[in-house]
Each structure stands twice: as structure tokens, then as C-alpha cells.
Amino acid sequence: MNVDWSLNLNLLTVTMIIMVNFVSTIIHVYSVGYMSKDPRRIIFMGYLGLFTFFMLFLVSSSNLIQLFVGWEGVGLTSYLLIGFWSHKDEANKASLKAFVANRVGDFGLLISLFTIFIVFGTININEILLLVNSHSQSYFNFFGFQIHSITLIVVTMFVGCMGKSAQFGLHVWLPDAMEGPTPVSALIHAATMVTAGVFLLILMSPLIETSKFSQNLILFIGTITCLFASCVAVFQNDIKRIIAYSTCSQLGYMFMAVGVSAYSVAYFHLLSHAFFKALLFLGAGSVIHSMSDEQDIKKMGGIYNRIPLTYTSMLIGSLALMGLPFFSGYFSKDLILEFIYLSDSDFKIFAFVTGIFGVFLTALYSSRLLITVFHGENNSDEKVYAHIHESPMIMVIPLIILAFFSIFFGMIFHNFFAGSLSESIWSKFMFIDSETNQAYSYGNVPKLIKKLPLIMILFSIIIVFLFYFKFPKVKQIANEKLNFIVKFFYNKCYIDELYEIIIIKPSKYLGRGFWKSIDIDLIDNLGPNGISRFVSSLGSKVSNLQSGYLYHYVLSVVIGLTLFISIYIYIF
Amino acid sequence: MINLPILPILIVLPLIGLLFIFLSSEEDENAEQSKKSALWTSASNFFLSLYLPINFDKSIPHFQFVNTFSWFNNDSLRFSLGVDGLSMPFIILSTFLILACIIFILPQAKKNMKMYLASFLVLESFLIGTFSALDLFSFYIFFESILIPMYLIIGFWGGERRIYSAYKFFLYTLLGSVLMLIAIIFLYQEFGTISIPKLLDYTLPFYIQIWLWIAFFSSFAVKIPMWPFHTWLPDAHVEAPTEGSVILAGILLKLGGYGFIRFNLSILPDASIFFTPFIYFLSVVAIIYTSYIALVQDDMKKLIAYSSVAHMGFVTLGIFSANIQGLHGAIIQMISHGIISAALFFSIGSIYNRYKTKRIDFFGGLNIKLPKFSVVFLIFTLGSIGLPGTSGFVGEYLTLLAVYSKNTMVAFISTLGVILSASYMLKLYKRVFLGGLSENLDKKKDDINIYEICLYVVLVILIFIIGIKPGFILSYTTASLERIIQLYPISIF
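In the order they appear, the protein sequences are chains F and D.
Residue numbers for the first sequence follow numbering that gives the first Met the number 0, so the first one is 0 and each next one is one higher.
Residue numbers for the second sequence follow numbering that gives the first Met the number 0, so the first one is 0 and each next one is one higher.
Keep in mind that the hints were calculated from the coordinates and are not lab data.
Check before you lean on any hint, since a few could be wrong.
Said to hold, decoys possible - Simulated pairs of lysine-lysine, BS3-like, Cα-Cα distance not exceeding 30 angstroms:
hint, chain 1, residue 1, chain 2, residue 2
1, D, LYS405, F, LYS211
2, F, LYS36, D, LYS444
3, D, LYS442, F, LYS92
4, D, LYS444, F, LYS87
5, D, LYS35, D, LYS109
6, D, LYS355, D, LYS429
7, D, LYS405, D, LYS426
8, D, LYS355, F, LYS87
9, D, LYS371, D, LYS35
Since we're looking at a predicted model, the values are computed, not measured.
Bound-form chain D, shown alone (with noise of 0.2 angstroms):
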């Protein structure tokens, strides 16, 4: 078997799809060479990224496809990437997501279509990178650079109030980093590395720890995002054009989980045992009082928006809840969140190509307008709900019981987020698809486009399998995360 360096081209290919695009002369709104050289790549991104889980050695829960390149001549600052159990899934999700996203441009019209295209082919690039970098250098060089392109879709192609959101969005997020930087430096003066797979063999002094675990904190608590710090994402959500939403929903907020579980629980177990109680204080107000707020919206994308943060919120208790029940309910829902509210922002999506709204009230009785698309909604709907046999379920009922087995009073108020989910969501299928045809819309009939189809298939066959059988998601990640819970000292709470 040829050893392919295949995280170094994962990253590259989408770079040499951009290439293409700036070669072409075409200036107009529809730019078909440039969408297919996008299509081109990311969908042979998106295969060769399944490279990933045919090779991948279930048993070992290390790193495994490492590829190293020094940097600045000097053994410490070096360029290393590698994935393992708990990264390997989300650079599948990226790449997914990624193609689908281009797929649901193609049928589209926009100004500076090519810059639109070469900006998500970029954001591939620095997702691998992030998900994929094995040293805090680098990891945070990629992190920070997501932050320009999605700056850039946001205030260039966004609604009406983009460049407030935009704005909100990047200074949000670039504050929550400094702090993060400032501990990637301070950890490299102090222990001469910083190597992901090196630190994780230290164990820092404890009063160290818990300023490391506040500066990463920070940052990852902008980006996942948690309660007090989410309200970039409801402004981000609504001015954001269809792809950005999905991109910011479906990957983005899940660099946050990612980061909690690779630095706060891994490198600083000692100061997350002594900052669970405040996370748990955090998720439960997050997932009880987003809901409520999305109980009032009028607008489906801040509906939607608002209710990722309550999913984030079962997230974060299940990610400190470190058990292994609660680790891989975490990972299930963050993928899970992943394809179910990109599918639910391609729906808004659709409906907003075709209405150029996205207000609640404006619409009613659509399912008689767009059947097909209705029954589709309703599955996005329930998946979100978390109804058995979806993919939602498994997560919320993993974290659950995990938070269940350390603190069942957590538990108990984060369970009555289950029902808040169902009436948020179903009174918004109700309002949008149920009840006579609005006034607004005529009644000729008019159903998705072939393109919408073949993706809303797919999603659906997703939300399903993951939820008929996770075991399969899981079985990746199990080595990586009993070796986090091995190194887990017992915890009191």
C-alpha cells in the first residue's frame, strides 16, 4: 500500500481549485467554468478525504497519517499534521459540507460569483488545516485565518445589516483568540513545545492550568458559541447568505467543541474538573434559555440560529460530563448538528431563493405549494427535535445519561429542553408549512429544483443511518476518547 501524504493534498487541492478560478476570465454572474472547477474540486476533496476512514487504524488511538515539515529550521516550531479518532470525523464533515455548499450554488445567480466560490475553497483548506494541525502554532495560524473568508462572505455577499454582523462576528471571535494565543505562547516559553502529542504527556501545575484553561476557554466558548457569548451568531445567522449559515452552523461552531475536547479536557483535565460546575451552569442556561428565545422569533434563520446554541449547550455538558457515554454523545451531536441545521439553512435557503424572505409570518400552507420539499422540512424538523431514529437523538440521549450519572439535577433542567425543541420547531413547521395557502404566495405549483433533490436525499439517508446506527461514527472515535478519560482524573462532580 502506497503511503500517501494525503492531509498535506487535502489541504493543497482546494488551493490548486482556486488557482483555476482566478485563471478564468469570466466576470459574469453565473460563472459556469469557475463552478466547475469548484465542483470538480471539492467533490474529489470530498472522496479523497474518505481516504481517511478506509485507512484509518480503528485500534489505535494516537495519531496516525503524521506528515512533518520544518519550519523555521528549529525542532520545535514545526509544521506537523495528523489526525486522530476524535478529528478524523470532522474533516469528513468539512468536505461534505463543502461540496454541498458548491452544489447548491451551481444553480445560483451572484455578484463576483468567482471570488464567492474561491472563498469556500479556501475555508476547506484552513478547515482541514485547523481540524488536522498537531502543534498549537499552527492550529491556531488556521483558526484564525477561517476567520477571514467567513468574514468576507458574511460582509460582502450577507442581507441588509452585514457589515454590523460581520464586524460582530470577527471582533467576537478575534478577542476570545488573543487570549488563546497569549497561552500558546506562554506554554511554548515554559515547556519548549508545543506540540499537540507532547503536551498531552505533561501534566501542568494546576494554578497554570487554570489560566491556560480560561484563555482557551475563551476562545472556544465565542466559537461554539456558549451562553453569554452567542449573540454574534443569531446577527452572523441572518445576514449570512445560505452557504455562509450552513458553513457557520454546520463546521464552525464545532471548532469549539473540537477545542474543548483537544485543550481544555485533554492537556488541562485538573482545571476542567474544577470549572465543571460553571459549565454545566453555562449549558443549562444556554439550552433552556435559547429555547425559550426561539420560541418568540419571527425570522427562521434566527429561530434556527438560536436554537444551534441550545444544541451546543448538550455539547458542552456532555464534553465535561468526560465520560465516555458523554464524549461520544458529544461527537455524534456535533456531527449530527452539523448535517441537520446545514440541512435546515439549505431549506431556509431554498425558501428564500424562491421568496426572497425568510419572515415567519410572510408564509403559510407552503406544504401545498411545495409538497415534496414539506416532507423533506419535516424530517430536518424532527431530526432537530431529536426524535428516535434520528441522529438528534442519539446525541441528546448520550450527553444526557452522562450528565444523568454525575449530576442529575443538570441533567433534569437540560431534559426540558427536549420538550422546548419540540415546540419551537414544530410551531414553526406549523406557522411556514401547515394551515390555508398565505395570501402572499399564488397558487401555482412549484417544487425543488433536481439539484435540491439530490441534496436533501442525501441529508435525509444521513440523519438517518447515523441515528439507526452510530456504532459506526463511533467505532473511529472510541480508542481516541478512552485514552482522554484514561488520563481523566476521577472527578467529585
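Isolated chain F, as found in the complex (with noise of 0.2 angstroms):
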């Protein structure tokens, strides 16, 4: 097989480049002031600086093997950078596990590329993409199975998109993948390497529109993780993993718009979605340099009019998250939900009415958030109320421009990613649903539907205001009586805890085993042991054999001629 280096540049890619390269520039400045007292920065902005190299590398590359070398190089940098302050066991542990649970992913991705090569012949993106339609009925022998190709290369793919892009299963890396320093959050896991699984799926779409199956799956379990991301991340406590369950919920968002094939959508909500979430984050890593390395929002409350440029920010991404009109998120969000109405697809109900409940979650834990971070009361103590101050202008400035993203971004552009206009603008480079594309420009989306997920924000924002301001008892006896749910929500459902059950003392188990059991007890001790003790043990009994009477010797020599005599006379 013959694989070049060689970049492919078309209006996907390079878009995906510049969001990349803006977003990143951003957060390197941010970064000179968030990380100004640690003494390894300079490492620190050489590990982000790999980080770009290696996204754009992914993003650019015009065959699979290329991609995958950035795929794996982010995940390394990812794991570099999560593990960056390595005198915290934490987050030695989160690194580890952030990457051998990429590693899964791409263990999926791999069996990709090895299906690829054989049906297609080829790794070239371009190639294979003209050679879809030609193989869109061939079938594969899969561990002796026919197994329709296509439809096994996306299933496999997909699997390493889970892993990257943190979606149900999968998803265990990202939310402890916090213990990083916050812009690093900020990029990798928010903005640009968790939406690389979705980017790639957005590249290979024509491949996954032969695949009714693949569509499916993808539609579940991105409507799957859309669910329980965002049912966890209402019952969290901590600043940015409240941060990192909703970019968890996000991106089932963008999976559920992969799996109605409004993959024009999906890219246009991974694009708002890089500027509003990263200044959440951005903006979660100014409170956090405020009060003083406190992350607990519990711990918070009231501050608003001591860090208000940040509080602004804050509000401006939150509200872009929940979706409220003529912010980005309102226009990217309402269109993936407008488009799964208007899909034929089989889990189309279901995922409708999860996404509009995702919905109203969204705005649950953001009001939460700002409530409970920025209003209220005061639960910090004293010495750290007395040190709130906002942070300095280098990463506030940063938090200006991505909220100036976050309104207008989805105002501009969304009639370049549906509609009309996007057909003739994405057709060459991405799979267009002409039908549904059609079906929306003509308006064929009800006003009540329309307005479904504005009524559920308001809705939520009302009941988080009656709980927080009006009737805190209420909350107080429901946190009471409902406290198994509460509990298995704050515990991310207990996954963390089945894995390690299922997986990790396992393996332990297994490997203690054949190390123990079988390497030492049966190959050692029936191999090389077991034959010298009985060479030594037959040795002497040999020995005893050589008694030094002589009656013995003449008795063994009577017997051996005896023998042999009579097998003379027996053969001959």
C-alpha cells in the first residue's frame, strides 16, 4: 500500500481550520495570563502549540492513515495536558484514563481503516468518497458473517468517534478530563478535539447515507448521551464538570443531527457551539482564578457585582447554550430539532422529544449555574470573599471577543448551513439532504414546534427561579425525599463504578492469573523445572542403582542377557 503526506483544502476543511486557528489563538492568549505563575508554562504553550499542529493536521489531511496519526496525536496531547500538573494524583489518573479510553475508540477506528482498505482499496478520502456508490451493495466476511461493508466500516468508525467525541459508553474520559488546567478544557475539550469525531462523520457522509443501519445507531446513541449528559450535569457540583457534561449533551446533539443526515446542521452547531462553550469555559477559569482555585459552585454565590466582565460572559454563553433567541445556540440547536421532525427516520419521535427535553435540562443547569455561581448568597469564606477581584484584561479580553461569537455567529451564518443557500454551498463536500433541506425552506415545520424549545427554556427558567428565590423549602424537602435520585445522578449513574466491577478488577484478576497460575505454576513448573527435577530425580535413582556389590551386577547381567537372548529368539 502506498500512503502520501498530503493536505486536502475545500471549504469544509478550511473552515474547520480557521474555527480551529481562531478559537486556539484565543485561548493561547488567555493562556499567558491564566497560567502566568506556573513555573512549567513554557511547556504548557508548547504542549497547546503541538495540540493546533496536531488538530489541523487531522483536520487537513486528505487520507484516513494521516488523519488518524492527528487523531491519535491530539489524544496524546489531550493526555499530556489533562495529566499537566503531575503531582496531582487525580489527574495522573484522569490522563491515563482519558487515553486508554480513546484508545477504544480508536481500536474501533482501526478495524475502520482495515475494512477500508480492503473493500475500497484505497485510503484516499476523495477515492473513496467517488467510489461509494460502487460498493454501497458489496458485503464483507466478518468473523464469518456477511456483513454489508459500508455499513460495518461506519459501525467501527462510529466507535471512535464515541471515543473522541465522549458519547454514552465512551464518555467516562471527558468529565474527568477537568483535572486539566481550564483553557485546556477550553480547547480541547469543548471546542476542537471532542468535535473531531463529529467532523469526521461530516467527512464521510456519503459513505454513511448507504447505511440505514449506521444512521440508526448513531441517531440512538447520540440521543442516548444527549439524555444522560445532561441529566447528570443538572445534579453536579463542581464548575467545569457541570461545563463538561453539557459539551457531552452538545455533541449528542451533533450526532443526532449526523444521524437525520442534516450533516450540514451538525457542522453548523459544532461551529457555535467552539465559541459559546469555550467561553463558558473560559469564562468558568476566570472564576476559578477569582476564587482563588475554588471550583465547588456550593462554595459560591453573589458575586456578580465583584467580577461583573465575567459575569457578562458568563450570562451571554449560558443564555447561547440554552438556545434563547438570536443567540448562536437558537439558531443551531432549533435547527437540528427542526430537521429531526421534518427526517423519516425510525427513532424520529423519540429522538424529538429527548432533544426537547435536553432542551429544557440545558436551561435547568445553566440557570443553576449562573444562580448559584453568581447570586444568592455568599458560601465562600472570608478570605477568599476578600480576595474576588476580576481577572486581568489579557483573559478577559479573550472572554469579550467569544462572546461577541456567541450572539452573533449563528445570526450571520445560519442561512449558509440550511436552507437554499447551503445546498449549493455544501453539496460538493458533504452528503445534503435535498428533500428535507426543501421541506424546511418552504416552512413545513409547525409554529407550536418552532416554538417548543423557547416554552421549555422559559418554562425551566421559571421553575429554577421558584425553586432558588421563591420556595428554597420546597427544594430543600425534594432534595430529601428524593434523594436516591439525587445521588445516582451525582454519581454520573454509577458507570465509573460498573466499569471498574466489570473491567478493571478483571483484568487484575486475569492478569494475576495467568502470570501466577499459568506461566509460573504450569509452563514453568511442567517445562523447564518439571524436566530438570526429574532428571535430577531420575539421576539418582540411577545412582542407587550402582551399589557396588557385586552379587547385584551379576544379577542385572544375568537378567539383561536373558532379555535379550529372548528377543533374539523372538524377532529372528
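Using the hints, build the complex out of the two chains.
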């Protein structure tokens, strides 16, 4: 096989490159302020640069092996940056977990690459996409079963995307990844790397279109992730973890869009999400910075007038995340929901209802976060409270720039990603479902459906307001009565514990078993040690025969002679 | 252009260096003079060996640089040397790693240093002999002679249980080789020749191939080592001195892979097809089983030793998938493992020289004490994991791809090894280098010395070069490997 190092630039990859570079630049600037007191800040900046290199490498590669280099490269830099504060044990654990969970995904992607090479005979992305139609009916012998080859390719590729984009099952690393410095969370675990999975699927969209099964799978997993992550986010207390789970659920929305063939809409949400999620993380970093490295939202509160710029940008970020009208999230997320409504997928109703419910939960945890962090009574100790201060300009200016984009990006660009214009722009670079797209441009979505997300948002904000300001008692009672639910979601549905029981413990057990029982007890004991024991015991037995008594020797000579003579007579 | 008898020179030169070492009358542990002669000898041997790739004709699949000496005034028992694309990379690897070992020894003091250096030079001579032997008899002699210096290195300069390990190593490998000797004698009796190039042209009957295959297999399977013949390796590694481990993992294991390609695959193709499922089974077990064992080790060297068995599992998979990607993958995997495992063993040696222990629990937060070294070690770790861009990836990718085209289930299960290798290697890195500084270590900063820096930088560069541009090695091997594939009957597996 012949693989070249080469680049592939088209509108899709270039817009992605622009987004990556833009966010990366802003976060580099922010890091100068955020990491100014860290003795290893030079290494930190180096890692950030390395990450950007690999990310651009991933985005712009023209073949899948090169993409895989970038894919693993961003995983590596993510590993390095999560574990940047290597004296913290949690950080090291989290970085290891992130690498291994990503490796599980990469395992799927590798299988996908093998299958692609065997089915298509090439790994060049453009060549593959040209050959899709001629292979749409081909079958591949997998484990002795004849499987539709493209379904196999897409499903295994999706496993890779699940790992990188933290979808349900392989999401466990993302919340723990928050152990890294906050700019890292903003750049890698919100804006760029975790969206690589969505990007890959958009890039390979003609492939996905030929396999109904994998579309349904993607939609289903996306929906589950969206629901699960936003439920968990509501009950978390760590400011960064809340945003991390929110990232998880937003990625779920993107996969839902991919699952209903609305690739351009998924891409739109990917881009707008990059801005407001980076903003939220950087804002959270600014809060943490001003609160003397406190991350627990229960120990904050009432600080909105002390750090007004941070507060404003967090507010804008949250509103954009909720999808309030005219913010970026409003355009991109509502488009996803409308396209789900218009699609003809089997899981359409399930996905749509969950999506709407997800909007409700998003508004719930966002407003909860805003209220507990910035409003109400202050719960921090006096020393920290006295020390609260606005972050330096070098950290605030990036916030302002991102806030600008979080407000206006969706407003300006939404026509380019859905409706009549989108088809002429994107159809060369990704699959565009023109039927749904036309249905959308003719306005086939009922008014009520269009307004449903907004109703949900308002409903949820009202609930939070009532809970926190009018009836705090009700909240407490509910907390006590429904303790098991709170605990269940607070502990992330016990998935980490489940993995500990079904994967980690048995692995150690197996390792020890193989080592002590088979390697040492069985192979060594029967093999080399057994043989040497046998030889030495045989030797000592044989040496017993040499007794030194003449009559023993005479007897053996007589016996031997008789034996040989009788054998001789018997044979001849 | 002068026609240099390059291979005999490469074999004899270390022995001349040996002479110089014996002539010097130093008896102390430093033996400066002997170190210098060893360094010069191995360095000149390495640079001389570069003559091979420079003058190598890539388009010829047959043996080149052939030199023949008659032995018993008998046409069939000759002593002939030559290389083709398959053996050439291994000769370079041998001369390179021996030079690296000598450089690593330079700042150290050891009991009976003269003999120690001498063992490595003898080893070098035998290794080049094995890889360039063109008849089975001299191959066998060289192949077996390697045991002697290696046995001494483990048994004399090794750790506490060195005698047990050295015996285990010796007996295991000898037992395997006895069967090979019988096979060689049989071949000579039956066909009147033991010349490898001639045997390549014969087609042996299937029932003979089966027996010969088993005989050769028993020798190489122990050497490479395949599960369940691998238990000598962890013991030998743990007890061997650093340089011994480097040579053991770096080159000696590759003798098995080389032998598999040269004899089992090329001379006995029908039997190879017959036994392919068997090999697949052993390789898959090796990859998964030893990876699990590596997860729970608490001796660094033992962990790397078990991971070597897993990596060699990929090699056997690639070899017996018997297509061009598989063989390319196997070669790259062997070279890459030769460099990466050598690098890891050197690194563990660096740690051991400073703290006199290899126990993982002893350490923690070593990156605070040895910041530069921790970066280097991370790169070696990543290479061992097979991160794309390092040499480890190319080998694993190509072999797995080759097997996937033949048998999806085998490839699928072996690919799980990719996850496991990341787990145990990064866990090792985390436990030794990350976290708070262990109580056993003092706060004083201390970093690697200049010899180590030179060595590690070269190794790191090699890992990346092979990872980014493996084509420059493969361009040498392609012609020879394609010939093997062409002669190979079409397999149903």
C-alpha cells in the first residue's frame, strides 16, 4: 500500500481550520494570563501549540492514515495536558483514563481503516467518496458472517468517534479530563478535539448515507448521550464538570443531526458550539481564578457585582447554550430539532422528544449554575471572599471576543447551513438531504414545533427561579425525599463503578491468574523446572543402582542377557 | 569500484578488537584502554556495515555480496556468506545496537570489565555471521554460538538469580535447536546440499515439509519467543545486566523472526500454510495473554519483557499472513521493537544505575528529579504503545491489516492488544514518573549524563524516522520479500 503525506483543502476543512486557529489563538492569549504564575508555563504553551498542530493535521489530511496520526496525536496532547499538573494524583489518573478510553475508540477506527482498505483498495478520502456508490451493495466476510461492508465500516468508525467525542459508554474520560488546566478544557475538551468525531462523520457523510442501520445507531447513541449527560449535569457541583457534561450532551445533539442526515446543521452546531462553549469554559476559568482556585459551586454565590465582566460573558455563554432567541445556540440547536422533526428516521419521535427535553434540562443546569455561582448568598470563606477580583485584561479580552461571536455567529451564518443556500455551498463537500432541506425552506415546520424549545427554556427558567428564590424550602424537601435520584445522578449513574467491576478488576485478576497460575505454576513447573526435577530425581535413582555389591551386578547381567536372548529368538 | 569482501570483514573485525582487549593488561573495573578498543572496534564495524545499504542493489531479490570459502574440500560443505533485503537490515541493527551498548558501558565500572566487553564483541561477530550465513550448517553454528557469550553475560554479570535464569535460557534455546540440527542433517542426507539459495529452488514433498517445519519451528518459536515457550524471557531479562537485556530484546529475539521468514516460510511454504491457524492461535494468545500479565507486573524489566512477547506476537502474525503487507509489517515491527525495546531497557538501566532497583513501587514523581529523562522515556513509551508517527505504529498497522485481509477474527482480537499496551505502558509511566516524589528519593535534581543524552537522542530520532518514513527500509526489503510471496502457494486462510 502506498500512503503519502498530503493535505486536502476544501471549504469544509478550511472553515474547520479557521475555527480551530481562531479559538486556539484566543486560548493561547488567555493562557498567558491564566498560567502566568505556573513555573512550567513554557511547557504548557508548547503542548498547546503541539495540540493545535495535530488538530490541523487531523482536519486537513487527505487520507485516513494521516488523519489517524492527527487523531492519536490530539489524544496524546490531551493526555499530556490533562496530566499537566502531574503532582496531582487525580490528574494522572484522569489522563491515563482519557488515553485508554480514547484507545478503545481508536481500536474501532483501526478496524474501520482496515475494512476500508480491503473493500475500497485505497485510504484516500476523496477516492473513497468517489467509490461509495460502486460498493454500496458489497458484502464483507466478518467473523464468518456476510456483513454489508459499508455498515461495518461506518459502525466501527462510529466507535472511534464515540471515543473521541465522548458519547455514552466511552464518555467516562471527559468529565475527569477537567483535572487539566481550564484553558485546556476550553480548547481541547470543548471546542476542538472532542468535535473531531463529528467532523470525521461529516467528512465521510456519503458513506453513512448508504447504511440505514448505522444512521439509526448514530441517532440512537446521540440521543441517549444527550439525555444522560444533561441529566447528570443538573446534579453536579463542580463548575467545570457541569460544563463538561453539557459538552457531552451538545455533542449528542450533533450526532443526532448526523443521524438524520442533516450534516450541514451538525457542522453549524459544531462551529457555534465551539464559540459559546469555549466562552463558558474560559469564563469558568476566570471565576475559578478569582475565587482562589475554588471549583465547587456550593462554595460560591453572590459575586456577580464583584466580577461584572466575567459575569456578563458567562451569562452570554449560558444564554447561547440554552438557545435563547438571537443567540448562536438558538439558531443551531433549533435547526437540529427541526431537521429531526422533518426527517423520516425510525427513531424520529424518540429523538425529537428527548431533544426537546434536553433543551429543558440544558436551561435548567445553566440557570442553576448562574444562580448558585453569581447570585444568592455568598458561601465562601472570608479570606477567599475578600480576595475576589476581576481577572486581568489579558484574560477578559478573549472573553469579550468570544462573547461577540456567541451572540452574532448564528444570526449571521444560519442561512449558509440550512435552507436553499446551503445546498449550493456544501453539496460538493458533504451529503445534503435536499428533500428535507427544501421542506425546511418552504417552512413545513409547524409554528408550535418551532416555538417548543423556547417554551421549554422559559418553563425551566421559571422553575429554577421559583426553586431558588421563592420556595427554597420546597427544594430542600425535594432534595431529601428524592435523595436516591439525586445520588444516582450525582454519582454519574455509577458508570465508573460499573466499569471498575466489569473491566478493571477482572483484568487485574486475569493478569495475576495468567502470571501466577499458568506461567509459573503450569508452564514453568511442567516445562523447564519439571524436566530438571525429573532429570535430577532420575539421576539419583539411577545412582542407587550402583550399589557396589558384586551380586547386584551379576544379577542384572543375567537378567539383561536373558532379556536380549529372548528378544533375539522372538524376532528372528 | 573495489569489490570489498565486506561480510568476512564485518565478522572478523570484532575478533581483532578482541585481540587488543586481551593484549591490554588492565585488571581494574574501569579498564579504560579496553573500553577504547571496544568502542573503536564497534564504531568502525558499524560504519563499515553501512557499506551494505550504500552499495546494495535494491532491484535484485537474490543474495548479494556473496563470499564463499570451501570447508572440507567438499563442494557441498562450504562456508558462504551473503545478504539479501531480508537480512541486511538486521545486520545494521546488530552493529548499531552493539555500538550503543559499548557507549552505554563507557561511564560504568564492572567486575572483570575486559571480559564483559569481549563478550559483546564476540556476540557481534556471531550475530553478523548468523544473519549472513548462506548455508544451514554455518547458520546453525553461528546461531548456537550466540548462546555462549549471552549465557556468560547473564550468568556472570547478572542479578541475584542469574544462575537459574542463565540455565533456563540456555536449556530452553538449546532444546529447540537440537531438533533444528536433526532437520539440517536430514536435509543434507536427502538432498545433498544445505545451501540456502539452492534449497529455495527445491519443492519438498508435503509430508517431509511438515516434519522439517516442526523442527525449525521448535527452535525459532523458543527464540522469538512464542507462547507457551516464552517463560525463559522474563527471567533472563530480569537477571541480565542492562546491555545484556538490550541485545537480548533488540536482536536475539529477531533471530526467531528472521528464521521463520528465511526457513519456515521460504523453504517450507506448504507446511507453513498447513500450520498457519496454529501460528495465529499462538500469536493471538501471546498478544492478549502477555499483555494482561504485563498489567500486573511490579518489576520494570519484567513488564517490558512481557510486552516484548506481545510485540513479537504481531511479528509472527505478520509473517504467516504471508502477503507483502504482512511481511513488511513484520520486518518493520522487528526493527522498531529492536530500537524501542533496546531504548526502554537502556532507560531502565539508567534508572537502575542511579537507584539500584527496578521495582516500580519504589519510584514515583521521577519527572521532578529527572525532567529531561522523563521526556525521553515518554517518547519510548509512546513508541512501544504504537502511537502513529512512531515506528511502533507502522509495524502493528501493517501486520494487522495483513491479517485482517486473511482472517478478521484473529485481527480483531489482536487489535485489542492496542488497548492493552496503552494501559500497561502508561500505567508504568504514571507509577514511575508521575505523581508526588516518592519518599525513597531525595529532592536533589539529577539528570542524565552526556553519554546517555547522545544515545537517547539518536534512538528517538530513529523511532520518528522509521515512523514517518518507513519506506526507506522497505525499499531494501521489497524485492526479496516479493520473491518469497511469489513462490508462496495461495493460502486459503
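Enumerate the violated hints, using their earlier numbering and listing them in ascending order. 7
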